[in-house]
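Protein chains in written order, with our numbering: chain A, 1 to 134; chain B, 135 to 268; chain C, 269 to 402; chain D, 403 to 536.
Source of the hints: derived by calculation from the structure; they are not laboratory data. One or more of the hints may lead you astray.
[Claimed, not checked] Incomplete in silico selection of chain B near chain D, CB under 10 Å: (1) F144; (2) F154; (3) A156; (4) E167; (5) G204; (6) A268.
In this text, a Cβ means the ideal position worked out from N, Cα and C, and glycines have one as well.
Listed below are the residues making up each chain.
There are 4 protein chains.
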Amino acid sequence: MIVHERAIRFEEVDAAGIVFFARFLGYCHEAMEKLFGGVEGGYVDLITRRKIGFPAVHVTCDFRAPVRYGDVIRIAVTVPKIGTTSCTLRYAITGADGADVATIEHVVVSTDLETMTKLPLPADARAVLEEHRA
Amino acid sequence: MIVHERAIRFEEVDAAGIVFFARFLGYCHEAMEKLFGGVEGGYVDLITRRKIGFPAVHVTCDFRAPVRYGDVIRIAVTVPKIGTTSCTLRYAITGADGADVATIEHVVVSTDLETMTKLPLPADARAVLEEHRA
Amino acid sequence: MIVHERAIRFEEVDAAGIVFFARFLGYCHEAMEKLFGGVEGGYVDLITRRKIGFPAVHVTCDFRAPVRYGDVIRIAVTVPKIGTTSCTLRYAITGADGADVATIEHVVVSTDLETMTKLPLPADARAVLEEHRA
Amino acid sequence: MIVHERAIRFEEVDAAGIVFFARFLGYCHEAMEKLFGGVEGGYVDLITRRKIGFPAVHVTCDFRAPVRYGDVIRIAVTVPKIGTTSCTLRYAITGADGADVATIEHVVVSTDLETMTKLPLPADARAVLEEHRA
């Protein structure tokens, strides 16, 4: 399990005064990048030098409590499923007080960014995913 | 059915060169606002004067093809389910050529933005939703 | 002069309830893309096929009135200065009622996006800029 | 002087592959919030409880080098000018290697967010600004 803590920023709320729902996917992506920090060179090197990305093919979100500017959220990432070319990431998001905020499941496919075709999960990425399997 | 056409903007892509997945929820929100344009004063009046919002409680996304800067997407919105306080919106997203891009389902709850408690769907909002039920 | 009208979106405000100041540069960029719509294939073709971009080197903003969700702004673009490799765009932003919202000046440099070196303004881009010189 | 270090995020680039210019204002706002961290309760408390904000009235940006996904920028904030109701913040942005990226000047006005009228700088905010005057 990787934990990503994140303060909600001033410009991340919407006209209803709460964090805009789309922002949560950005927070999860940050947490995924942190997880892939376990690969040499991190997600940056995967994307910019190796030209391997992990676009989403399926996402499920359950939102249970709104968050606001100044709140700090905690995203715990685990990996419930690892396939040949894809894997499922699970993000359990809680507030500073431990309150349940949201749960997000995110299926990504290892992809050659030049041809946009799927690739077997690179061995080092797979090793990191296995480490956080749960 | 409401249709929302939308050109992908210059700053909506990510370092992989494709539209960042979180952006799609923003596109769907635009389409939902267009649907609620059928309520007098539109979504703006709901939010800013009536203080009624429709936060998401559940979202499911299936992404089938990447989109890029300059692509134009077409979002067809229908309403598969209408409850007492909540409803489900369905967004079928296609490319300019009709290619399947994504399908998103979005369950929202009619909410008093001052108390953050749920409300029966306002009659005018319900009427608009019924009009696009499918 | 090119005019770009734009409704403020739900997620473009900040925790102070007004449009986040950085958003205005995005609105101006949209207006600039509209201006370059006068070039065959538009800004999209410049960026994606010709690999020519117009990164900002200097920007000056004067903000005179806040705008909020639901407001519609009008951005009038003119081109006060055209050089060999650079030009200055001027955006006069007003509210629906004609109220003065902001004035932004934006100096951009014609740039080869592969080498990130400056280029003489392409003839077709220059022609469009000349058309809106004021 | 306050220093804010910040890694460029995956979704902060544009279709030209470099950080979208508007993003720099967001980075500066983060640095300003960090500076106002010296006020009890921080910027969050100013905005959400005291209803005092610091909207921009004037911004000047000089961009000298593009930054990309994976770059880390360093923003050094100083306060060149403190008036009765307004102040000027200066952000010197450099890359990880010390290379000059951008300089931004940002004039903000202490504002009652309920009436949107200007206020004398609160004593605690002024004290923090004085501490970083340069």
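Cross-check of the supplied hints:
no., hint, verdict
1, F144, "holds, 5 Å"
2, F154, "holds, 4 Å"
3, A156, "holds, 7 Å"
4, E167, "violated, 22 Å"
5, G204, "holds, 8 Å"
6, A268, "violated, 33 Å"
Violated hints, in rising order: 4 and 6; the structure is consistent with all others.
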